[in-house]
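S.K.: Spelled out, the chains give:
Number of protein chains: 2
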Amino acid sequence: MPNSEFSIHNSELAVTVHAPATVANMVCGFDVLGFSLAAPNDVMHLRLLEQPGVVIINEDDFGLPTEPTRNVAGAALLAMLRAVPEVPGVEVRIRKAIRPGSGIGSSAASAAGAVVGLNQLLGNRFSKPQLVEFAMFGEEVASGVRHADNIAPGIYGGVTLIRATTPTPDVVPLDAPPLFVTVVHPQIEVKTSDARQILKRQVSLQDAIRQWGNVGGLVAGLLKHDYALIGRSLEDVIVEPVRSILIPGFREVKDGSRAVGALGGGISGSGPSLFMLSQDEATARAVETVMRDTYQRLGLEHHIYLTTINPLGCQIVETA
Amino acid sequence: MPNSEFSIHNSELAVTVHAPATVANMVCGFDVLGFSLAAPNDVMHLRLLEQPGVVIINEDDFGLPTEPTRNVAGAALLAMLRAVPEVPGVEVRIRKAIRPGSGIGSSAASAAGAVVGLNQLLGNRFSKPQLVEFAMFGEEVASGVRHADNIAPGIYGGVTLIRATTPTPDVVPLDAPPLFVTVVHPQIEVKTSDARQILKRQVSLQDAIRQWGNVGGLVAGLLKHDYALIGRSLEDVIVEPVRSILIPGFREVKDGSRAVGALGGGISGSGPSLFMLSQDEATARAVETVMRDTYQRLGLEHHIYLTTINPLGCQIVETA
Numbered sequence: 002m003p004n005s006e007f008s009i010h011n012s013e014l015a016v017t018v019h020a021p022a023t024v025a026n027m028v029c030g031f032d033v034l035g036f037s038l039a040a041p042n043d044v045m046h047l048r049l050l051e052q053p054g055v056v057i058i059n060e061d062d063f064g065l066p067t068e069p070t071r072n073v074a075g076a077a078l079l080a081m082l083r084a085v086p087e088v089p090g091v092e093v094r095i096r097k098a099i100r101p102g103s104g105i106g107s108s109a110a111s112a113a114g115a116v117v118g119l120n121q122l123l124g125n126r127f128s129k130p131q132l133v134e135f136a137m138f139g140e141e142v143a144s145g146v147r148h149a150d151n152i153a154p155g156i157y158g159g160v161t162l163i164r165a166t167t168p169t170p171d172v173v174p175l176d177a178p179p180l181f182v183t184v185v186h187p188q189i190e191v192k193t194s195d196a197r198q199i200l201k202r203q204v205s206l207q208d209a210i211r212q213w214g215n216v217g218g219l220v221a222g223l224l225k226h227d228y229a230l231i232g233r234s235l236e237d238v239i240v241e242p243v244r245s246i247l248i249p250g251f252r253e254v255k256d257g258s259r260a261v262g263a264l265g266g267g268i269s270g271s272g273p274s275l276f277m278l279s280q281d282e283a284t285a286r287a288v289e290t291v292m293r294d295t296y297q298r299l300g301l302e303h304h305i306y307l308t309t310i311n312p313l314g315c316q317i318v319e320t321a
Numbered sequence: 002m003p004n005s006e007f008s009i010h011n012s013e014l015a016v017t018v019h020a021p022a023t024v025a026n027m028v029c030g031f032d033v034l035g036f037s038l039a040a041p042n043d044v045m046h047l048r049l050l051e052q053p054g055v056v057i058i059n060e061d062d063f064g065l066p067t068e069p070t071r072n073v074a075g076a077a078l079l080a081m082l083r084a085v086p087e088v089p090g091v092e093v094r095i096r097k098a099i100r101p102g103s104g105i106g107s108s109a110a111s112a113a114g115a116v117v118g119l120n121q122l123l124g125n126r127f128s129k130p131q132l133v134e135f136a137m138f139g140e141e142v143a144s145g146v147r148h149a150d151n152i153a154p155g156i157y158g159g160v161t162l163i164r165a166t167t168p169t170p171d172v173v174p175l176d177a178p179p180l181f182v183t184v185v186h187p188q189i190e191v192k193t194s195d196a197r198q199i200l201k202r203q204v205s206l207q208d209a210i211r212q213w214g215n216v217g218g219l220v221a222g223l224l225k226h227d228y229a230l231i232g233r234s235l236e237d238v239i240v241e242p243v244r245s246i247l248i249p250g251f252r253e254v255k256d257g258s259r260a261v262g263a264l265g266g267g268i269s270g271s272g273p274s275l276f277m278l279s280q281d282e283a284t285a286r287a288v289e290t291v292m293r294d295t296y297q298r299l300g301l302e303h304h305i306y307l308t309t310i311n312p313l314g315c316q317i318v319e320t321a
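From first to last, the protein sequence lines stand for chains V and Y.
Per our numbering, the first sequence runs over residues 2 to 321.
Per our numbering, the second sequence runs over residues 2 to 321.
No lab work stands behind these hints, which were simulated from the structure alone.
Do not take every clue at face value.
Repeated chains share a single entry, so a pair holds when one copy, or any two copies, can fit it.
[Said to hold, decoys possible] Lysine to any residue pairs mimicking SDA-like chemistry, simulated, CA-CA at most 25 Å apart: (1) 225 - 54; (2) 201 - 125; (3) 129 - 227; (4) 225 - 236; (5) 201 - 241; (6) 129 - 146; (7) 225 - 167.
Model the full assembly from the supplied sequences, consistent with the hints where possible.
M.R.: As structure tokens, then:
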């Protein structure tokens, strides 16, 4: 029996969304800078339901929960549905390509893709800042913290700055120049909670000044399309020295990548993935070789992605 | 007797330079962001000498030293002359309008104006980064530290970011939108050394992250000409809470200025001057009234400057 209040105008019945991987903590920009990758992407199909609630169907082998309150996409969709009481429910089928625990925003992709998809079904009534807030409920399920480091670039695309998180996330999209990104995911586990715990609660004022000089330089380099300045600014004197010890091969990958011409890079999110930025594809391929050689020598299984910064974020690829 | 090696081509015999006041430590941008003011300006006349050394002639009542090694302009000129052994000497007459100890870059104006003037006499053979380095020898005389916080905006004009100071200052000019600046100099003394000593050597990681989010936001706001973002980013959770207690009237001026529409502002350099940025002149005038009322009520003598950001820095205004 159709719900009499359920009337969605100018909208589709079903959508397919590509939800990209994202890199948070862009070297010096710990907790504030992140960007969206052109690949890998999760694929999500959403359709409105006439019965209330959220239905999750996993189409991959990751064994993620299907109970909406325990599922990242589910929690984000439930938060969004609370804002549209006239809409009863939604079904989402998820085929994840972004491996959970890889450090390239797997949970954020599920949350961001879900809310972008539902928003399309609702006639795009919500703004990007609102979508970020809904999606953060998903991140809360994944990590216990309602952070937007990966959500913001997932929804805005490109490179984003989160100037501040309170009272609400202040997301600033940064119009970056074309950049090639080489990402390596060594198959080791780094728990976000461990990566958080290892951080010092206090830092020296001198290091903090160096860091905010670099953040300023990186933002300016991106907006001015000044590759050399981007490269000089990709320096982290606070988090990387501590966290990099959790990641075998870090130093070899970083130094080797710089040696073959990469602008710079570091830990993606809280790891274990590492990313390197390059101005051209040939350099990004040389970085790929450095990464492969390093982890083959260490005898560690790994995946490598050679991709670009994705200026668009989550994309509706099909409607019906 | 003319020195046989002394041949300067394409150059003038004498120049007049306007050397502007500058604001360092642009709220969140402690030690990294600064800008140049359209007024006040020191006026400096320089001419090459055939006898070796630097001759200082003070044309104001500030009683500054005339011995070159103890004079800010003198030390900067001596450093520069060491790089041009074929040039024997230079005379500089200085009429300062920027009161020493005011916190708006009085010493930097002397140093920057001197090297810009001498560079013109030498046919502009030195680059801006080189001029910054010469002028920093002047700052060393003034404060014991070879810092570039005021030198960089004095030489580049506009708003500058000093991304890093080692190995050499990495100065990034930021193309800011038009901004009105109201500066008040209450006639109290705040020693730079005291203002340094009061700072905490350690800061919390949480505050540091908030600060570098704001630095990123301020740089983005300036480059994107986004006044609202500039306003939101003018927040300092690290230095201002400590240093503002040294400046009577700080809270009244800041809150009152925001209430009449200023984008924001704070302590200029290490004080005692305060500055506020506004998008239009009417607001900057309303800020002037807030400042005047505050210091009249407190019974403190004060100077107020209502000016703009000077996109040019030190300027050659006359050659002969």
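S.K.: Look at each hint and say if it fits the structure.
M.R.: How the hints compare with the structure:
no. : hint      : result
1   : 225 - 54  : neither (46 Å within a copy, 42 Å between copies)
2   : 201 - 125 : neither (42 Å within a copy, 48 Å between copies)
3   : 129 - 227 : between (28 Å within a copy, 18 Å between copies)
4   : 225 - 236 : both (18 Å within a copy, 24 Å between copies)
5   : 201 - 241 : both (12 Å within a copy, 23 Å between copies)
6   : 129 - 146 : within (20 Å within a copy, 46 Å between copies)
7   : 225 - 167 : between (28 Å within a copy, 22 Å between copies)
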